[in-house]
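Engineer: Sequence:
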Amino acid sequence: MRRTSFSKPSSTLRRTAFALVGAAALALGGASAAVAAGDSVAPKDVSWSWEGPFGTFDRAALQRGFQVYKEVCAACHSLKYVKYRNLGDAGGPGFSEAEVKAIAAGYQITDGPNDEGDMFERPGLPKDAFKSPFENEQLAKLANGGALPPDLSLMTKARDGGADYLYSLLTGYEDAPAGFEVGPGLNYNVYFPGHQIAMAQPIYEDSVSYADGTPATVEQMSKDVTAFLHWAAEPKLEARKQTGFMVMTFLVILAGLLYFTQRKIWSDQH
Numbered sequence: 001m002r003r004t005s006f007s008k009p010s011s012t013l014r015r016t017a018f019a020l021v022g023a024a025a026l027a028l029g030g031a032s033a034a035v036a037a038g039d040s041v042a043p044k045d046v047s048w049s050w051e052g053p054f055g056t057f058d059r060a061a062l063q064r065g066f067q068v069y070k071e072v073c074a075a076c077h078s079l080k081y082v083k084y085r086n087l088g089d090a091g092g093p094g095f096s097e098a099e100v101k102a103i104a105a106g107y108q109i110t111d112g113p114n115d116e117g118d119m120f121e122r123p124g125l126p127k128d129a130f131k132s133p134f135e136n137e138q139l140a141k142l143a144n145g146g147a148l149p150p151d152l153s154l155m156t157k158a159r160d161g162g163a164d165y166l167y168s169l170l171t172g173y174e175d176a177p178a179g180f181e182v183g184p185g186l187n188y189n190v191y192f193p194g195h196q197i198a199m200a201q202p203i204y205e206d207s208v209s210y211a212d213g214t215p216a217t218v219e220q221m222s223k224d225v226t227a228f229l230h231w232a233a234e235p236k237l238e239a240r241k242q243t244g245f246m247v248m249t250f251l252v253i254l255a256g257l258l259y260f261t262q263r264k265i266w267s268d269q270h
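Numbering follows full-length UniProt numbering, in which position 25 of the sequence shown is assigned residue number 25; successive positions increment by one, without gaps.
Treat the hints as calculated values from the structure; they're not laboratory data.
Keep in mind that the hints are not guaranteed to be accurate.
To be verified - If you anchor each label on the Cβ, the simulated ranges turn out as follows: (1) A198 <-> A90: 33 to 39 Å; (2) E97 <-> K157: 25 to 31 Å; (3) A105 <-> A60: 21 to 27 Å; (4) E174 <-> A239: 37 to 43 Å; (5) S209 <-> A105: 18 to 24 Å; (6) P193 <-> F260: 52 to 58 Å; (7) K157 <-> P113: 32 to 38 Å; (8) K127 <-> A239: 29 to 35 Å; (9) D89 <-> P53: 19 to 25 Å; (10) S49 <-> D175: 53 to 59 Å; (11) G256 <-> A60: 26 to 32 Å; (12) N114 <-> Q201: 25 to 31 Å; (13) Y259 <-> S209: 28 to 34 Å.
Please read all numbers here as calculations on a predicted model, not as lab measurements.
For each residue, glycine too, the CB sits at the ideal point set by N, CA and C.
I would like the entire structure built from these sequences, with the hints used as guidance.
Structural biologist: Right, dumping it as structure tokens:
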């Protein structure tokens, strides 16, 4: 009797099998990602003063937003890429030079070493960056249950949805629906992916008292601080728009001049 022999699968067959397995894994992974994405809620569509080609920041909103950041957010979150002097920059909140100096002087900044080689504390100066609430990341984690509060300097640029998402997050704290189990140390938020966030609700009704008499509702404070943080992320937004408008105006005029010049030069050829 002739013995039937079975040869090893060819390299082509093996590659095909691996490709099919890989495709199946990718399909399953894509399905899982789709399920996770479906658990997210699209942020609210908010109208912002800076939107559009001619939009600008609302100075009053920026100043109120700075107050909310200072009195609420700064207890945990840093703003390390912004300097106190930026509060008086063109296109910014519009604080005067005296106001900027007073704001900076309200903080004690670690400086040095001095002539004796020691570090020392001094009042803040406009040139200083916003003082961080913690001296290092380890202390920040220790004070926040092991979670590191993110720096807010670029927050509206770092999250999908930008300012809309940040505003939605701040106003999205609710009681968890029936049957939804929130993990220990977490809080339910409609707009946070997975709906469970370590940060407790930071803003409550009348968390601050606005000097201009604006009612300090959760929505108003959330909108104001979001506007301030968007300015922090894009401090040159207005200057960029002005430059773009001038460039477009120049190009339109140049195009018109070139068109009429071409008509003049070639007019005798027709």
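Engineer: Next, verify each hint and record whether it holds.
Structural biologist: Taking the hints in turn, this is what the structure says about them:
no.: 1; hint: A198 <-> A90: 33 to 39 Å; in the structure: 38 Å, holds
no.: 2; hint: E97 <-> K157: 25 to 31 Å; in the structure: 28 Å, holds
no.: 3; hint: A105 <-> A60: 21 to 27 Å; in the structure: 24 Å, holds
no.: 4; hint: E174 <-> A239: 37 to 43 Å; in the structure: 39 Å, holds
no.: 5; hint: S209 <-> A105: 18 to 24 Å; in the structure: 22 Å, holds
no.: 6; hint: P193 <-> F260: 52 to 58 Å; in the structure: 56 Å, holds
no.: 7; hint: K157 <-> P113: 32 to 38 Å; in the structure: 36 Å, holds
no.: 8; hint: K127 <-> A239: 29 to 35 Å; in the structure: 21 Å, violated
no.: 9; hint: D89 <-> P53: 19 to 25 Å; in the structure: 22 Å, holds
no.: 10; hint: S49 <-> D175: 53 to 59 Å; in the structure: 33 Å, violated
no.: 11; hint: G256 <-> A60: 26 to 32 Å; in the structure: 40 Å, violated
no.: 12; hint: N114 <-> Q201: 25 to 31 Å; in the structure: 43 Å, violated
no.: 13; hint: Y259 <-> S209: 28 to 34 Å; in the structure: 60 Å, violated
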